[in-house]
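Visitor: Spelled out, the chains give:
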Amino acid sequence: MFGEKVIELLKEAERNRDTIDQYNDEKVRQIIEEMHVLFKMNMADANATTENKSLWTTVQVRHSALERNKRCLLAYLYSRMNKIKTLRWEFGSVLPPDVRELLSDSEYEWFSKYSTNLASYMRSLGQDIGYSGIDLTENLRPPKSLYIEVLCLTDYGKLELEDGDVILLKKNSRHFLPTSECQTLIRQGILKQIM
Amino acid sequence: MFVEDIRNDFYNTLLGNRVLLLVHYDVDAICACKILQGLFKCDNISYTLVPVGGISELKTAYEENNEEIKYVVLLNCGGTIDLVDILQPDEEVVFFVLDSHKPTDICNVYSDGQVRLVYKDEEENIPNFDDIFKDDDEEDENEEVESGREGIEAVVERRRARKAWEERRHTLMFNYTQFSYYGKPSACVLLELAARSSRLCQAALWASAVATAAHSALHARSPARCLLDAEALHRYVAAAQRHDDSAANRTACVVMEKDAWLPLYREWTLEAALSHAATLAPKLKLYARSGSSRLRQLLADMGFPLQQARQAYRSMDVELRRSLLTALETAAPKHKLPVPTKATFILQRPHLPPLAALDTVYVIMAHIEHETMPKAEGFQQALAALEVSGDNEAWRRGAAAARKCLQAVASLVHTTLSSRRLLLAGPFSYFIVQEGTPEAGVVRGPLWLGEAARWVAGGCARPLLASAPGPPATCLLLGLPPRFDHEPRNLFGAAFEQAATKSGVSVSLDYVDSSVITLPTSQRAQFLDALTALLA
Chain A
1 MFGEKVIELL
11 KEAERNRDTI
21 DQYNDEKVRQ
31 IIEEMHVLFK
41 MNMADANATT
51 ENKSLWTTVQ
61 VRHSALERNK
71 RCLLAYLYSR
81 MNKIKTLRWE
91 FGSVLPPDVR
101 ELLSDSEYEW
111 FSKYSTNLAS
121 YMRSLGQDIG
131 YSGIDLTENL
141 RPPKSLYIEV
151 LCLTDYGKLE
161 LEDGDVILLK
171 KNSRHFLPTS
181 ECQTLIRQGI
191 LKQIM
Chain B
1 MFVEDIRNDF
11 YNTLLGNRVL
21 LLVHYDVDAI
31 CACKILQGLF
41 KCDNISYTLV
51 PVGGISELKT
61 AYEENNEEIK
71 YVVLLNCGGT
81 IDLVDILQPD
91 EEVVFFVLDS
101 HKPTDICNVY
111 SDGQVRLVYK
121 DEEENIPNFD
131 DIFKDDDEED
141 ENEEVESGRE
151 GIEAVVERRR
161 ARKAWEERRH
171 TLMFNYTQFS
181 YYGKPSACVL
191 LELAARSSRL
201 CQAALWASAV
211 ATAAHSALHA
221 RSPARCLLDA
231 EALHRYVAAA
241 QRHDDSAANR
251 TACVVMEKDA
261 WLPLYREWTL
271 EAALSHAATL
281 APKLKLYARS
291 GSSRLRQLLA
301 DMGFPLQQAR
311 QAYRSMDVEL
321 RRSLLTALET
331 AAPKHKLPVP
341 TKATFILQRP
351 HLPPLAALDT
361 VYVIMAHIEH
371 ETMPKAEGFQ
381 QALAALEVSG
391 DNEAWRRGAA
401 AARKCLQAVA
411 SLVHTTLSSR
421 RLLLAGPFSY
431 FIVQEGTPEA
441 GVVRGPLWLG
451 EAARWVAGGC
461 ARPLLASAPG
471 PPATCLLLGL
481 PPRFDHEPRN
491 LFGAAFEQAA
501 TKSGVSVSLD
511 YVDSSVITLP
521 TSQRAQFLDA
531 LTALLA
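Going line by line, the protein sequences match chains A and B.
If you read the first sequence in UniProt numbering, its first letter stands for residue 1, the second for the next number, and so on.
If you read the second sequence in UniProt numbering, its first letter stands for residue 1, the second for the next number, and so on.
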């Protein structure tokens, strides 16, 4: 049957909507091959039977199969593209290697282009009010407060803040710091947020 | 220098700057810190909070954190020492001191802006500037210029005047510094600040309610003063209640109620709470053989069956629980007990049992002087225990620890009194907690040792010294003034200092409260002898 493979491909992609899986190079190649075969058959039939209208139905069926394949493939690629877009917002401009492996070469190329575009857009933001760009990916949801209260769990040593202040992180000292400064330290387990 | 306007000159100066917050380990300081943290959170003032236990810790904490810091706020520490001399700060650093330990060091009072005292206590009789400071250089220069007979006479005259002035200065300073005592709770001062910046919330009310309860439970202030301190709080609580009657069932709120002045009785059994109440237990003479029968007699007079009194208060008969206050009040005079009920603050929480301010005082004490937990960790727990919303895990753990501590204190007091370990030495009596006893671990800090000492003294007219083993080979010595429950001014601060210089014992006067010192255990007897000689 025509178009079976492409349905398999879509079903596979549909199974995990939220995550991205390996680009199915093999199946896509097979589908394209099938389309080439269909196209050649159609060419042959169309050339041979300009007079004989009995074959027209066959050609038409093949053609719609061809178009269906094309449409499904595009849908596959488009949904992947949307997923890659969200990857940029979640991971930043550098993808972790395991995620990188899931993309095909051209997808990766698209990703880097998208990334550069986004970066240059973010740099251009707010220049008229004196900021040199705003990192839009930092707070996808508005934060509850700009500062959070943290408790230091280990003797970490000195930490220099963005505004140049130096603070000493010592065990069991409490600090009230800008959220952006603390996040990595919280992830590392040096600080603990106090609710 | 005193801050004139607490909002503009103190709080608004801090806006937009990084602040170093140094907080002493005591209940009032922790409550004050909670209020200040709430204010800082509202205004996004970033701060670093370091708890400090004594003067040397204060020094290291300042040295470690002074980079790029312009404003330092000290809560219940640093007021009684010359900050500029001890910390050697840069000139642009400003210290805001809110210390309920009195008397305030005279150099801090007359500092020209580097040290700013947030609250001026009217009770303090601070000597005038001209009486204690004089420009010496000027006079020296004048002395050299003049000569001849008249000149010599003038010089002699001046010297005499100077000597008289010096004597006068000495008496003034002596009168000023001879007693150490406590002023208005810092949390109440900060409550005023919160009210003036319209940021009064239940958390701030609760924190300052706990602080006032602490001052009266620990006898830091005389009962009349405690009542006056809480006056503002009464007003704010009433106003808040009127304000959000509709929200009362949904959020935690502080209310004022008449309540039994028994520690943790809601978390305990009635019998245990009665036998561990610092106001009742000494009067019931529980250390004696007849003590337990007296307690049973009291319970019988109250009409509480033993079976009920011995089970968890929460599972007690509802009728009995309701009649507890009246029963206590009617039964107490029969046994010549002080009035066991008081109007106190209670935190009503939705869907959770209410918390009493008095209980929270003991919870915080148990956290900061925990037997096994390091002090700094206990400090964090104590802050968490002051939280008003949510199920308070830290509070419950603290309550369990506090029960243990109270039991240890009670058994310590009973053994001390029943085996006649309370010794008389001239003008004062003293007792020593031996190293290795099971209770020694609990009373190694000044708070619980003070609790035990007050219990032993039981309001008697003699001053009392208590000593407990501290870190290896040293011991803690704590002085309690006579009649501490009426006039809590403490003479031991100055006495310890003098005895130390006279006896030559290497005493460490590191505690912010000057009536608590540490000294090597081997030299304790020598020191006590010197103290006896001094006070006789």
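Honestly, the hints are just simulated from the structure, not real lab data.
Just to be clear, a hint being listed does not mean it is correct.
Unchecked claim - The calculated DSSO-like cross-link candidates involving lysine-lysine, where the alpha carbons are at most 30 angstroms apart (straight line), are:
hint	chain 1	residue 1	chain 2	residue 2
1	A	K170	B	K375
2	A	K85	A	K40
3	B	K258	A	K144
4	A	K27	A	K40
5	A	K171	B	K41
Visitor: All the hints need checking, so say for each whether the structure fits it.
Guide: Results of checking the hints against the structure:
1. K170(A) <-> K375(B): Holds, at about 14 angstroms.
2. K85(A) <-> K40(A): violated, 36 angstroms
3. K258(B) <-> K144(A): violated, 40 angstroms
4. K27(A) <-> K40(A): holds, 20 angstroms
5. K171(A) <-> K41(B): Holds: K171(A) and K41(B) sit about 22 angstroms apart, inside 30 angstroms.
When the structure is compared with the earlier hints, violations turn up for hints 2 and 3 and for no others.
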